[in-house]
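Take the two lone chains, each set in its own frame, and fit them into one complex as the hints suggest.
These protein sequences, in sequence, are chains A and B.
Following numbering that gives the first Met the number 0, the numbering of the first sequence begins with 0 at its first residue and continues without gaps.
Following numbering that gives the first Met the number 0, the numbering of the second sequence begins with 0 at its first residue and continues without gaps.
Treat the hints as calculated values from the structure; they're not laboratory data.
Some clues are possibly wrong.
[What the hints assert, rightly or not] With a straight-line Cα cutoff of 25 Å, these simulated BS3-like cross-link-like pairs (lysine-lysine) come out:
hint: 1; chain 1: B; residue 1: Lys138; chain 2: B; residue 2: Lys348
hint: 2; chain 1: A; residue 1: Lys171; chain 2: B; residue 2: Lys222
hint: 3; chain 1: A; residue 1: Lys171; chain 2: B; residue 2: Lys231
hint: 4; chain 1: B; residue 1: Lys340; chain 2: B; residue 2: Lys236
hint: 5; chain 1: B; residue 1: Lys156; chain 2: B; residue 2: Lys179
hint: 6; chain 1: B; residue 1: Lys182; chain 2: B; residue 2: Lys236
hint: 7; chain 1: B; residue 1: Lys50; chain 2: B; residue 2: Lys138
hint: 8; chain 1: B; residue 1: Lys236; chain 2: B; residue 2: Lys254
hint: 9; chain 1: B; residue 1: Lys156; chain 2: B; residue 2: Lys305
hint: 10; chain 1: A; residue 1: Lys183; chain 2: B; residue 2: Lys138
hint: 11; chain 1: B; residue 1: Lys177; chain 2: B; residue 2: Lys231
hint: 12; chain 1: B; residue 1: Lys182; chain 2: A; residue 2: Lys183
hint: 13; chain 1: B; residue 1: Lys114; chain 2: B; residue 2: Lys177
hint: 14; chain 1: B; residue 1: Lys340; chain 2: B; residue 2: Lys50
hint: 15; chain 1: B; residue 1: Lys236; chain 2: B; residue 2: Lys179
hint: 16; chain 1: B; residue 1: Lys202; chain 2: A; residue 2: Lys171
hint: 17; chain 1: B; residue 1: Lys305; chain 2: B; residue 2: Lys348
hint: 18; chain 1: B; residue 1: Lys114; chain 2: A; residue 2: Lys183
Computed from a predicted structure; not experimentally measured.
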Amino acid sequence: MSTTPVERATTFARSWGSLVGIGVLALLLIVVAPAVLDEFRLNNLGKYCCWAIVAVGIGLSWGRGGMLVLGQGVFFAIGAYAMAMHLTLETAGPDGIPVFMILYDPLAPLPGFWVPFRSPIFTLAAVVLVPILVASVLGFAIFKRRVKGAYFAILSQALAVALAYFIGGTIKLTGGDTGLSDFKSFFGYDLADPVNRRMIYTITAVVLVLCMLVVWQLYRSRFGELLVATRDAEERVRFLGYDPANIKLVAFVVSAVMASIGGALFVPIVGIISPKEIGAAASILLIAGVALGGRASLFGPALGAILLGYGRSTLSERFENGWIYILALMFIVVTLLLPDGLASIPRRLSGVVTSRRRTA
Amino acid sequence: MTRTRSRVAAASVIALAAAIGLSACGGSKAGDDTTSTSSESCVDTSGDTVKLGLINSLTGAMAISETTVSSVLHMAADEINADGGIMGKQIELVQEDGATDWPTFAEKTEKLITKDCVAAIFGGWTSSSRKAMKPVAEKYNSLLFYPVQYEGLEASKNIYYTGATTNQQILPAMEFLKSKGVKTLFLAGSDYVFPRTANAIIKLYAEELGIEIVGEEYVPLDKDDWTTQVSKIVDAKPDFIFNTINGSSNVGFIKAYTDAGLTAETTPIISVSIAEEEAPNMGADVTGQYAAWNYFQSVQSPANEKFIADWVAYDGPSDVTSDPMEAAYDSMYLYKAMVEKAGSFDVDKINAVSDGVSFDAPEGTVVIDGENHHISKPGLIGQINADNQFDIVWESDGPIEPDPFLEGYSWFPEATRDALVAAAG
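Isolated chain B (complex conformation) (with noise of 0.2 Å):
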């Protein structure tokens, strides 16, 4: 009786549920042109100030390196509200935490977007917080601001990407290395997204150059033993070796590199991913060895001067500057000229006179393409002294275009462009 009694109200219970879901598919088909849209947008700008949020990882693995950015993003919004805020209205901060964590980084991009109504969101390092939180400014049709060097072959009307594309960073240290008659590279990198499309590309330009891969090697994020991969180096002996590791794995390579007697006399190495703040940490002296950027902290201008005693007077972290920081630095002061310029804090608006909206970075002069909403940037390629800056050895002549998709580049694939291209939309 009582099993029968049970079964039968089980499944009530079950059919009622399925009914309600069932009733619950009303939406669109994708493809569909009636396809509504997400709410309206909530931003509100009529009184005296505008909200943005920040995301950067305060807590796990990334802290380390995005705290910085953080606090630099409040030190330009700081400086930007002391000169009259942006279109008079005073910039309010709403931070938030992405715990290094992907789905946190979505979860909060739509809480900032939703719930703090804000105009636009600043953050983002690692490729993955980044496609993590695209689709959410997409669907939203809001703005983020990534400022870390990367893979390229993206563009999205919604992202602004302030730090450098592949032909702005990893070409200009292929250059560099044709300059100095390299003959034979090896490739070494963490195993994630970055290194793998640097590679690919380096591996592509590298033939158009002439130089000869001799060796090419991954070890995970988190993994600090390069003493194999060291090894492969040594019997390889290549002329440079091209480093696109990232984080604290670079540790255990510098460790690996320094054990297996290697110097920057015989094997230098050229990175793209050790700045002012990682080179004193390294473990090892690595005076010597390259690294290309964008933005040095010896960057000589009257803008990275200012910039550098402001970040020294803020109650910061640090009081070196890295590339990231300035990149992040410098999307806070584009966005104001964006919206000065638009008059607006409309996205649409917006976006439609970003082409052209420049500033006078520390970098130089940067200025915004908005075709691809990357910004033009000078390559750079330091050469790390003794005090752990970097003496800048080579320089691009004048600031390199954007490129993600690396259309002015005729040894780049076409069928894999128009693919990718295609794919980005």
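This is chain A alone, in the form it adopts within the complex (with noise of 0.2 Å):
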């Protein structure tokens, strides 16, 4: 790959622009957010945030790869099951189990499922080995079938319904329809203290800015022009030489490995998790934040996730009937006219100057 000092420079440049922006990004979520909002909206800031995060994990297996993941739930679920659990045991006390077991009997034993989740280590290398684990599987079925476009999002999605579904109808074992609540601390921290909610406000923010910089290096690497390649010419791929669904999978890990981290922060900034929040529609919201975004750039799905959390607070808070159409509309005037998403402005605008200057 040949290529002139020019285009190099240029590469350069554009690259460490984005390194700087996302510095902007850190500085703005993480010292200047915490000054000037107050403790509901930066509650609310990381709500979106752990939204953002499911995104940045999005753009990658979307937007670069391709991969029209309309079941990230799934993996969402996973990561916020596992820290509800655990928060569920931790409120419960060392010898205590969750309070809607105790009507069934009080003196069962925990279901030996819940066990390992009394410890804070298990359920925080659960958050981030279980989906390793549980998409790796996946993905490798479904990479090495080739299964690909509008099945593999049929599929994605398919599980993401029949996960909600199992939880819904295991009332007795996971809290089923009604999820779990009432959490009281936060791996020893209480929750009702502001100062802890900060606390879990900027880890989430610390933590979207560091997918951030995951999927930035991805992108510049080797294995970045890959994924684009593969989502671009599979068949090319392969004939050079790659196994594109060695390329998707990794993808595909990552991004289900960001799901499952920002489930497992939603849960203390939230306080309620249940098959609600990881079913179809939740799947889909996560999706069009990343559209809305743009899904191909590193910044548009994060901001796109933390613009559309935004719109739907502000909103509802305005128009409490009709905010629902409201937001419906913007999007599809969004997806109109700026069909790569808010991130390609930019671009457009600096598009719509040379070609002034040429017609100059």
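Quick look at the structure:
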């Protein structure tokens, strides 16, 4: 690959420009936001950041990898339920069982799969390792069999729906449709204390920035180029001697881990997790944010998710009856006018400038 | 060269971020005495108005039920305002949409408390929505009025429950069945916390009453196909069906029930979630079926006559009244009565005087239990007539005192109760 010095300089500038962008975002989220926002708005921003963490992963899989992951709710659920189970047990005390289980038998032993979640270390490990395992097995089966396009999208969506149904139908084991809630503390820190809630926000913002750094590094690496190549011409990549299945698998696993971490942080911030947060509608809403922001860009997915969350909150505060229609209309307008999302605005503007220059 | 520098840059960003993250860790550990409490209440009642918050799902699957509750709360506030307000202060309502989404209920609760500085919040329907709002109301020491019958086994100093707990709806229904000479009972419910809890209690009480449970089936809330489950009912031939199905799933159940040739004469149903609004929309004739509630539109009382007339005159979504609507209506009047007794909008002062506060409600006089924050209610059984109204065929011996943890019922296992009370704090 021979590149001219000019090209090399542009790539260099663009890449480092992105890093500066991440730095600015980090500054805004970690330093500015806690300084200017009150507890309520900051907590909301934390919730949007959780969605943004999931969105960054979707950007990698869908935007760069071409895999329409319509079922990230599955991985969101893994992280969220792992965390919620731990917090439930933490609230129940060292020998306690979750409140919802008491009714059926107050003296029953804790179901086997709950027991390890008493350990904070196990819980944190599960948040990262379980999605790796699940996504690897799923991804291997799917990509090796060359399932792609709409079939992949339907499959991933079906998994999310199935999982939501499964959790809803096992009320005695998982809390079912009502979900898990009423957590008192987070790894020993009192959840009612505003200082601790700020800490959880900060952790979430830092994790978001870290995820963006990971994706930034992946995008500028050889892997990133291969991923885009696989998206655009899978057969050609295969002829060049690479296995597209492995390339897609890596992107899929990374995005699964991000979804899981987003889910895990969502629980202490929001205080409740139920199958409604992981099913079809929730999974599609995650995708909507990514599409809004611009799926293939570095910043688009995260900013789109934050913007969508912000839009939901503020619009519904102003127009409590019609907000959902306004939001849907805005979404339609953006996708019609800007198919590459809001992140393509600067490029479009510069495109206008250059074309003007040319005509001039 | 580029690679190395980028790694250094990335590492320094991570280090910086981690440092900021760690420096933010300074809060109290759980159990510390020094827990800094949440920001002081910003409720301001120095002017001539008081802000109250409403959270109802105006969008999503629950909108059909919760919009009515929202309307009736607006009506109650209008009435109270026309009558001089609460302690002379006009009520200013702030409406929020719960959107049938539990995290949204938590978010809006926090918004109403911290941004709008409301003195109290009214709303919620599903148990999930209540469970999402509860920690927020507790964290800010605010007040929530929850207007729907529910599974009980809960008490919070920051919630007033104006719908029935199990001993005011489920247990009276069982006593009614006993009085009808029912020997066998089939339990059909939606698969979530209310039916599961209700049925666990029904099974315990049935054993006490000598009623045999001949089957128990659950279907997810959003699933309408009851064919398989109803065929089990046909096989079990129960004297009665105890129906704890909620929402539109009832339509599927009634359809499968009718298709299987079951009727109110052969295998009657007693429901706890079908009221005046739902009965006409079952898609099949439900005349002769029963329901257990604490209020029916057919209740004869001057307060109910006024309530119905006001509601018909009010620009609401319908002209029928139902139990959750009435419980919501009562909740705002009870709040007014409590504030005026306390002489203050302060939550602790209200809680201190809430015991014994009463309201001449459409269902009859209701009285707050200051200990468990529930209210006394009459237990009523209605039979659906041709007009889709309920003829009251059984009523409890006066209002039933609320007993959310079933402490007055020796058949309820003590270990379970103790564990639940301990968990509730």
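(request) Determine which of the earlier numbered hints do not hold for this structure and return their numbers in increasing order. (result) The structure conflicts with hints 4, 5, 9, 12, 13 and 17, although it agrees with all the remaining ones.
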